[in-house]
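Here the protein sequences line up with chains R and S, keeping their order.
Going by my numbering, the first sequence wraps up at 552, each residue one higher than the last.
Going by my numbering, the second sequence wraps up at 304, each residue one higher than the last.
It is possible that some hints are incorrect.
To be verified - A few chain S residues that face chain R, going by a derived Cβ cut-off under 8 angstroms, partial list only:
hint	residue
1	Gln6
2	Ser7
3	Val184
4	Glu188
5	Ala196
Said to hold, decoys possible - Label-pair distances were calculated between CB atoms; the ranges are:
hint	chain 1	residue 1	chain 2	residue 2	range
6	S	Ala226	R	Arg504	44 to 52 angstroms
7	R	Pro546	S	Arg129	30 to 38 angstroms
8	R	Arg504	S	Glu189	56 to 64 angstroms
For the record, the hints were derived by calculation from the structure and aren't laboratory data.
Every residue gets a Cβ at the ideal spot worked out from N, C-alpha and C, and that includes glycine.
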Amino acid sequence: MDALQPIRTWNHEALRRQARLERSMPFSRGKAVATRDMVSLLEALLEPGDRVCLEGNNQKQADFLAESLAACSPQRVHDLHLVQSVLALPAHIELFEKGIARRLDFSFAGPQAHRLARLVQSRSIEIGAIHTYLELFGRYFIDLTPQVCMVAAQAADAGGNLYLGANTEDTPVIVEATAFKSGIVIAQVNEQLERLPRVDIPASWVDFFVVAPTPNHIEPLFTRDPRHITEIQVLMAMMAIKGIYAEYGVERLNHGIGFDTAAIELLLPTYGESLGLKGKIARYWALNPHPTLIPAIEAGFVERVHSFGSEVGMEAYVAARPDVFFTGADGSLRSNRAFCQTAGLYACDLFIGSTLQIDLEGNSSTATLGRITGFGGAPNMGSDARGRRHASAAWLKAGQEKNGGQTSVRGQKLVVQTVETWREPGHPAFVERLDAWQLKQDMGMALPPIMIYGDDVSHIVTEEGIANLLLCRSPEEREQAIRGVAGYTPVGMARDRALVENLRDRGIIRRPVDMGIDVRDATRDLLAARSIKDLVRASGGLYQPPKQFRNW
Amino acid sequence: MRGLAQSYREALARLRVQALLDPGSFSEWVGPTQRVTSPHLAALEAPVSFDDGVIVGQGLLHAHPVIMIAQEGQFNGGAVGEVHGAKIRGALLRAVRDKPGAVLLCIDSGGVRLHEANAGLIAISEIMRALFAVQEAGIPVIALIGGACGAFGGMGIVARLCDVIIISEEGRIGLSGPEVIETVKGVEEFDSRDRALVWRITGGKIRRTLGEATLLVDDDIAAFRAAAGEMVGARSLFLKKRGLNPTTSSLQTLQAAQQQLGARAELDAEIRDGQVLWSRMGLGDQVSLMSPEQFNRRLEALES
Chain R
1 MDALQPIRTW NHEALRRQAR LERSMPFSRG KAVATRDMVS LLEALLEPGD
51 RVCLEGNNQK QADFLAESLA ACSPQRVHDL HLVQSVLALP AHIELFEKGI
101 ARRLDFSFAG PQAHRLARLV QSRSIEIGAI HTYLELFGRY FIDLTPQVCM
151 VAAQAADAGG NLYLGANTED TPVIVEATAF KSGIVIAQVN EQLERLPRVD
201 IPASWVDFFV VAPTPNHIEP LFTRDPRHIT EIQVLMAMMA IKGIYAEYGV
251 ERLNHGIGFD TAAIELLLPT YGESLGLKGK IARYWALNPH PTLIPAIEAG
301 FVERVHSFGS EVGMEAYVAA RPDVFFTGAD GSLRSNRAFC QTAGLYACDL
351 FIGSTLQIDL EGNSSTATLG RITGFGGAPN MGSDARGRRH ASAAWLKAGQ
401 EKNGGQTSVR GQKLVVQTVE TWREPGHPAF VERLDAWQLK QDMGMALPPI
451 MIYGDDVSHI VTEEGIANLL LCRSPEEREQ AIRGVAGYTP VGMARDRALV
501 ENLRDRGIIR RPVDMGIDVR DATRDLLAAR SIKDLVRASG GLYQPPKQFR
551 NW
Chain S
1 MRGLAQSYRE ALARLRVQAL LDPGSFSEWV GPTQRVTSPH LAALEAPVSF
51 DDGVIVGQGL LHAHPVIMIA QEGQFNGGAV GEVHGAKIRG ALLRAVRDKP
101 GAVLLCIDSG GVRLHEANAG LIAISEIMRA LFAVQEAGIP VIALIGGACG
151 AFGGMGIVAR LCDVIIISEE GRIGLSGPEV IETVKGVEEF DSRDRALVWR
201 ITGGKIRRTL GEATLLVDDD IAAFRAAAGE MVGARSLFLK KRGLNPTTSS
251 LQTLQAAQQQ LGARAELDAE IRDGQVLWSR MGLGDQVSLM SPEQFNRRLE
301 ALES
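Sequences and hints are given; from them, build the entire structure.
Printed below as a string of structure tokens:
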């Protein structure tokens with residue numbers, strides 16, 4: 001009741017937003033911004049220290065906006081805090097080299113991993129943390145809410161409604177966090193249309209849009225040419241199908257993007273069918289529209305697929321299979337990274353993927369010295385969701401195995417790592433100590449960048465067999481189970497033969513022959529497609545592979 | 001438990017031989033246990049192969065005796081060296097003596113083995129001369145081309161001397177390989193990394209279109225076996241239908257070949273890509289995606 005108490009304002013953020021909009025008025029006509037005005041607009045509305053999200057996903061990149069931001073004057077725009085999924089473009093790195101940005105919270109830095117590491121070593125960048133996608137999205141709503149976001153969309157109409165096309169990816173979650181916390185939403189679009197095929201982001205959430213001079217670049221990251229699948233990968237795929245998918249009755253799953261898992265996809269309609277597994281395994285997927293999934297879809301194995309993003313060339317095929325994929329009224333794919341990651345974490349019974357290094361506890365990492373790659377989505381999908389409540393046969397069986405045959409209060413997700421014992425000559429996949437530890441030291445990180453935690457891993461598949469870590473009863477057994485499938489790597493050679501034989505007797509280690517698999521059957525002739533052209537044929541000509549994958 | 005067909009392209013030569021001939025009928029001459037290896041490679045301390053990259057012997061195809069020659073593309077690109085060439089020549093001369101139903105020549109070769117230079121070149125000419133002798137004796141020589149190396153260099157010439165060429169879409173025939181042309185004439189002349197272009201110029205479909213290959217089949221060993229079987233079993237029937245029976249009229253064969261070449265010369269010199277030819281023929285722009293069966297049907301309709 002004290003009249004002298006200063007009046008506290010509760011709309012500080014809204015006022016700041018208003019000021020930003022007023023400063024940018026000279027550079028826009030309504031919501032439309034001309035390409036030549038974009039740098040001036042950004043210089044006018046950004047403030048030093050702003051948290052900025054430059055949409056960059058696995059595939060879709062707000063590349064024009066990234067380049068515009070990098071072209072801003074570091075006198076006017078500096079010390080930004082980038083909060084974004086992926087550091088993929090050279091322009092992203094330039095921001096730090098020029099001092100436009102200073103701090104970074106992110107998930108993945110695939111192509112820029114090397115330059116990022118150099119920035120860290122030269123102290124030109126502060127890294128907050130490397131997140132999984134879901135973690136970063138979560139923090140958008142807690143403590144890393146962007147003040148300005150720059151996203152990529154397929155098209156806008158005059159009013160600023162956005163159509164995201166097949167590659168929805170992160171856009172909804174970024175815009176949601178920004179628009180409803182008084183932030184500024186800027187979109188680059190490939191084209192302006194009179195009438196959008198569908199509205200994915202309503203105009204009232206969007207402040208500015210610009211028609212980019214060139215369409216945003218999309219990499220075909222999920223296309224694996226079956227030509228490169230080896231017979232060893234076929235053998236490992238046979239083991240995964242017979243020894244894991246069939247045994248646990250895995251119906252809901254996510255696959256990594258390597259050739260190992262592409263081999264599994266291509267073996268379902270042949271080997272899987274011959275084992276009578278159609279309708280029993282691999283029915284529901286959290287997966288991008290992998291071209292290598294086409295034969296399994298056509299064979300009736302796959303019933304439903306929800307996707308993080310799209311894949312170049314799969315547009316017409318997806319549109320022609322709406323029973324399988326999630327599609328909009330316009331027929332194009334509706335993807336959504338945040339929802340699909342959630343599905344991968346909570347609604348799938350199995351994750352299987354490859355990695356670069358596995359240690360004796362089963363921790364796996366794709367970090368190598370001198371490169372900061374980050375994680376992306378694998379740790380979300382490749383982790384046991386401890387909060388899961390709903391049961392399934394696969395989840396219960398895995399939980400029971402982990403619990404010594406007793407029924408526990410919870411089940412367990414199947415998290416499978418599939419690797420050849422030697423990645424390449426001189427580089428074993430199994431190591432005593434992960435490079436990640438050295439990287440932690442070199443980069444001054446709080447934690448080593450572990451992709452999948454060892455205590456989440458349920459099985460390791462190599463050409464030597466399957467190690468079932470759920471059945472191990474001590475750290476020693478676990479170590480020997482891993483050594484037991486590590487083949488002729490130094491880690492494998494150092495195994496205790498008697499212990500490994502004991503583990504084999506107990507079914508903790510299973511060799512191909514123990515599963516009734518004749519290694520001589522593991523030929524590429526088992527693949528439902530041996531080339532990209534086979535995939536095109538399997539799709540009835542609907543799949544249109546990008547040029548670099550064609551030989552016709 | 002088979003997926004697709006058993007790929008001819010991806011199979012090793014030994015597997016091809018086994019699957020092409022009647023089960024268990026093959027017996028090999030100068031096999032790997034005899035270890036007749038290349039003295040030239042040994043002198044260069046390069047790895048040798050116990051069969052020097054070629055398998056020769058006799059067997060049965062649908063119960064007809066045949067002589068089989070199969071190059072291994074995965075050893076030095078199937079290149080012809082002294083021993084390799086001598087084995088092929090020997091097998092051909094054996095055909096002159098034994099008079100089998102046919103000689104099957106599975107070509108998978110980039111040409112002469114550069115390590116053996118002159119010896120390899122001489123071997124190629126000896127193979128050609130022996131091949132003529134086989135034809136003179138009234139025995140058809142059937143080339144099977146579907147390996148990753150195709151039939152290039154000297155073996156490209158040998159291929160065109162054969163009475164019949166069975167080729168898959170993946171198979172290729174040429175003289176200089178794409179990389180060689182690019183090196184000598186520049187990337188503007190021929191971009192060897194443009195795989196689509198390479199196949200539109202040297203691949204099975206264009207070779208069949210131009211009449212240089214006789215039959216286009218699936219990349220499936222069983223399809224190659226069936227096609228070859230048709231020529232051996234009812235060979236006069238098949239070859240007569242095409243007016244190409246070397247056993248009765250070699251002059252006729254030569255005249256037919258001459259006629260074909262004449263037709264080739266009349267093709268527009270501006271046609272530098274198979275696709276242009278196919279479009280002009282009214283086959284559309286999706287020829288590459290047609291299955292061999294669809295392609296053969298369309299082509300035969302045009303030819304008749």
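Status of each hint after checking the structure:
Because the beta carbon of Gln6 of chain S sits about 5 angstroms from the nearest beta carbon in chain R, less than 8 angstroms, this interface hint is met. The interface hint given for Ser7 of chain S is met, as the beta carbon of that residue sits about 6 angstroms from the closest beta carbon of chain R, less than 8 angstroms. The interface hint given for Val184 of chain S is broken, as the beta carbon of that residue sits about 23 angstroms from the closest beta carbon of chain R, more than 8 angstroms. Look at Glu188 of chain S: its Cβ only gets to about 19 angstroms from chain R, farther than 8 angstroms, so that hint breaks.
The beta carbon of Ala196 of chain S comes within 5 angstroms of a beta carbon in chain R, closer than 8 angstroms, and the hint placing it at the interface holds. The supplied range of 44 to 52 angstroms is met by Ala226 of chain S and Arg504 of chain R, whose beta-carbon atoms lie about 45 angstroms from each other. The hinted range of 30 to 38 angstroms is not satisfied by Pro546 of chain R and Arg129 of chain S, whose Cβ atoms lie roughly 49 angstroms apart. Evaluation of the 56 to 64 angstroms hint for Arg504 of chain R and Glu189 of chain S yields a pass: the beta carbon distance comes to about 60 angstroms.
Going through the hint list in order, the structure does not satisfy hints 3, 4, 7.
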